[in-house]
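Using the sequences plus the hints, can you model the full thing?
Chains as they are written, first to last, in the numbering used here: chain A, 1049 to 1755; chain B, -19 to 166.
Derived by calculation from the structure, the hints in this document are not laboratory data. As the structure is a computational prediction, the values presented were derived from the model and not from experiment. A few of these clues could be false.
[To be verified] Reference listing, derived: stretches of chain A covered by chain B, where coverage requires no fewer than 3 residues with Cβ under 8 Å from a Cβ of chain B:
no., segment
1, 1219 to 1228
2, 1572 to 1578
3, 1672 to 1681
4, 1685 to 1691
[To be verified] Partial pick of chain A residues on the chain B-facing surface, computed with a CB cut under 8 Å:
no., residue
5, Thr1566
6, Glu1592
7, Gly1595
8, Lys1712
9, Arg1716
10, Asn1717
11, Gln1720
Beta carbons are placed, not taken as given, at the ideal position from N, Cα and C, and that holds for glycine.
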Amino acid sequence: MIFFKRITLDAFRGFTQRQEIPLDADAIVVTGSNGLGKTSLIDAIAWTLTGDLVQMAKKQDKRTEEYVVSQYRKGDVARVELDLMIDAVAVRVTREGSSRDGSSLSVAWPDHELVGSAAEDALATLCRAHSPGELKQAVDGWGVLRQDELRAVLSAPAEDFQARLRDILGLGVLAEFEQHVKAAHRRAAQATGDARKELAQARDADAAAETTLVSARDRIERVPDGLAGTGLAERLQSVGATIRLVTEVPTSLDDLRGLLDDANISAAVLREASRELRSLRSQLTAHPLPSDAEALGGLEHRVRESEGALVDARAARASVSGRLAQLRSEADAIAQLAAAALPLVGATCPVCGQATDPADVQQRLAMIVDAAGAGQSLLDAEAEVTTKTAQVANLESALDEARSAAAALTVQIAQHSRLVEELRVWRSRLNSSLDSSAFEFPLVYGDDDPSPEAFESTIGGLDVVQIELTRAVRHGQQRSSVERVPALERNAQEAQARTALLLGQVEALARREAEAKTLADAAAQAGVDVTGETLQAIDPYFGEVFGRLAAHPTFSRLGLEHEVYYGKARTWARITDPVAGLEVNPRIVCSEGQLNVVALSFFVAFALTGGSRSLPFVVLDDPLQSLDEMNVLGFSDLCRHLRDGRQLIVTTHDRRFGNLLLRKLTPRNIDQVALRVHFDAWDRSGPAITVSEIAPQVVPEILLVDG
Amino acid sequence: MPPSDFIDHPIAVCVREVLEVEGFTVRSLELEEADTAVMAAEDDYSLAAIVTADRWDEVRDRVATLDIALGNWVSHADAGGKQWDVYLVCLVQDRLSTPAEFAEAEASEADTRRVRKYVRDGVLPDYDEVRTALSPLLSLELPVMRDPIRPLDMLEAKMREHGVTTDAARLAVEGFLRDALTEDPP
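Pasting the structure below:
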């Protein structure tokens, strides 16, 4: 069977430059040493079919690392064209893109082209899958063998192995269904819980409505008729001396509440104003306007006069002091002259030469010296200076006194003036605060300087108004209760009805939840059953394949052990020695090579037993890792059978295996075609490839003859 | 034709039946060089000579001769590509029991100079046993699994067995298929 006819790669992984490789054969052997691009070819097939390379994504160091586009064509997009042959119709599948930015697909056949999700759906259908997701699962699961991936499945813990087997066999839908019904059960349980809470709230609301209704009915029995009956207007009139209502007496409950609020606010304002007034008045008492305020002018005049007299007295004192100083100077001069004459006194007069009495002369000169320091004029001058100085001191004292008196009076007057200003501001503020009040307060307004008593009286009146209004509001509320009773009755009935409705809903939801739980439990159990039966059904084929490869001398059968433990299924791979009756874990008894045979057996069995999901091809990428010669021979025989019903592509780096395969896959009849795609070398532009058709060797139908 | 225990053994009866069912032409093949006749089977791809015996020691000394004789016969028969698919299959009823027997059998299989050889021990004269032993020759067609696996259909049936009503099971599966994640099952 030929499915892929040709592949063209450009900028894809190892294929830097565009290359076209024919695949027009039912068996293709891809040979060549390691690292020449064989796996890139296989990757191109997988990427075109699935848009992804799962195994490469796992190898990224960084999420941004590009692994689809050739490293030598960074910035370009990779492009792979797969030409398919479907029921004699040529179909071209083209995928373009990169691992970083994703890819786009187109599927074209004569006169038709699909792109995007329509193309993905069409490609899935062409590959016998139900959906692109299922195609990806099939390609990754058994369409393209990657030994390490398969070994990873085999090495997974039992639960993971079970899950991977489920996925590979297309039974993943069972787990999805189980999750679906479990989620439905959770939602049903949540809905029931919510409804129960809502019911509890409704019951509370029902009880509250009933209580309100009973309370309203109770009030009705105690309430006199109408608001008019309260005599509010009359009672408000009775306080008219201190308070005047500037609006009509309200009749609605809301207006009454508004008026009561107004009265409360006004009372608070008046109380505060009264308190401030008392304080201001107290301060005014402490700082009255001085009774001799008018004397301030006299005091100021006296200061000015004193200042003038002081100036004059100081001038007079200065004059006398000057004269005194002059006299003292003159006296000093005489004394110095006499003192100088004293030493000159001898027995004769120096002027006339007459004999003198020196002692007498000296005595007389000494008397002159003394008289110069204590003359009458000098003494008088000193006495006058003393008198003038005393006068100056007296005048200074009087001036200080006058100034102090004037300053003290000025302070008193200023304090008083400040308080008077504060009183004016208080008045202004009070007026402003009461401006919007529905009440007027004649006592408060009637006087520029209202007394605290007026306030007391007004506040007292306002208290009465508040009491009256409070009564009226209460009365109004009671009246309102009367009016509300029908509505409350309706509310109570509705609450009761809602409770009943919710009760019904809760019961229905609880039943639904129970059904959902039954379904979820059954789905889990049924999923286990289906998986078990499916695995049991394909179990013989693992052995069928394993038996051909003869990996182990005594453990010759391969199968699965399936166990359900507490509703959870677990599956293990098991190999059996039928003679000794031993069944063991292959991971424990097998060598690496033997384990590879086990993995290969699972893979081939999956590929062959995919039922309707069987892909029209199988790709084995270097399947011989760690296989010994006998396994290789067995596997070569197996490949001959694998080409029946599907296109087979095998890559190998092993020259001997390659040659063996070429012999095994040589066409034996005219319907078969086999190709060898040999990778000769690789450079930066990509691989050098030689494609050759394997010549058929048509054999006589039967060599054996009778007898 | 020289007499042959290989053809008359009870296992051989089953061998013929299995191979004929699998589409092989089964004939007696006289191998003069081995001085015996063996059962031979042939299809489009391969040709096999089948030797049957109770014990390995009845066969082991003759395997080399049979190998040569069969290889020469194929060479003379102008078998074309089929020459790469010629097998000598030794089926013995008793188990190999000693290390020496295992070693001999393994050495025999490992000698691929002429034709491919398989040694299968513990083969009872039973159709299934013989089919398993001959599996390397047989086609990999697996008709039983060709029917599509429809897990949700199987699941629906299983859920009924676990107490879910037919309608509820059907509606749950339909709801799931509609991917109505917001829609609860009944």
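Problem set entry | Violated hints - listed by number, lowest first | 11
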